[in-house]
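Peer 1: Chains P and F are the protein sequences, given in the same order. Each number in our numbering corresponds to the 1-based position in the first sequence with 132 added. Each number in our numbering corresponds to the 1-based position in the second sequence with 130 added.
Honestly, I wouldn't trust all of these hints.
Label pairs and their computed distance ranges (CB to CB) [what the hints assert, rightly or not]: (1) Ser172/F / Arg188/P: 29 to 37 Å; (2) Leu304/F / Leu156/P: 28 to 36 Å; (3) Ser305/F / Trp153/P: 46 to 54 Å; (4) Arg188/P / Tyr224/F: 50 to 58 Å; (5) Val150/F / Asn176/P: 40 to 48 Å; (6) Val179/P / Pro185/F: 27 to 35 Å; (7) Leu156/P / Asp249/F: 39 to 47 Å; (8) Thr180/F / Arg188/P: 36 to 44 Å; (9) Leu143/P / Thr180/F: 57 to 65 Å; (10) Arg141/P / Ser179/F: 56 to 64 Å; (11) Ala147/P / Thr180/F: 34 to 42 Å.
It is worth saying that the hints were derived from the structure and are not from the lab. Bear in mind that the values here come from a model prediction, so they are computed numbers and not experimental data. C-beta atoms are modelled at their ideal positions from N, C-alpha and C, and glycine is treated no differently.
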Amino acid sequence: MKKPHTRGRQLWLGAIGWVLWAGLMACARKTDPSVANAGGGATNPRVVLTMKGAAR
Amino acid sequence: VKIAAFLMVLFGLAMNAQAVISPTSLKVKIFEMRVSKNTDCSGAVRVFSTSSPTPVDFFSNPDFGSGVISTGTYHCVMFHISDIVSFIPEVSNYEPLCVAGTSFSYDIFESGATSVSPDGVAINGTGTSTIPSEDDPWIYLSDSPTAITTNNGCFQPTKTGTGGPCVMTPLTLLSDQAHSLVMDADLQVEDGGGTCILNPTSPLVISIR
């Protein structure tokens, strides 16, 4: 026979699971170089341009 | 016979002396570099900058700097430079005002010349070839149809009555890349105004490679 507070415990576990999942997704987005830095909005990929001098 | 031989040697030496010569060193101070995805050089982003640059010698293939920018095609490149450049003639010419191994300074942005910063601030040239005075103009290279390297002077981002941008091929950057600002100073050194100068009537040919 179920205890009377089992339903509440399931709701709490569900909420904690959702928070963990959302956190993992946020981390995954931050490590993807094709998406934005802070704020989460998409931007262009970045490259390094090095400039040198030459003469003749 | 001896006199004839002497005259022949003298004539040979005179023929060997040159009016225009080349440098072995060409130093310029570079404060900042920006790039723009627009042909008119608007909306430029900074690649690198420094408030107290050390002169870099174009003949030693120096690194100017680097920066992180977004991928894409850039139609304009611009540099904030000092207009006092120094150079060392490779050989002495026949006067000789240009002396091999001696460093000379030259003002490439003299009184009467005008430039404008990417932010729209006007910059007016001061000094002359014989009395250099430091100003810090911007030079622009773009793929605009009005970009002309030989006559525009490079000091303005768009064509005006007093100049315009020099020519470049657009840079398409999809990965990390290195490019060079190339100065063609070959046979650009000569006597002028009682000193040794860079040829003002045939300005240095500037390009991006």
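Peer 1: Against the structure shown, which of the earlier numbered hints fail to hold, in ascending order?
Peer 2: Hints 3, 4, 8 and 11 not satisfied by this model.
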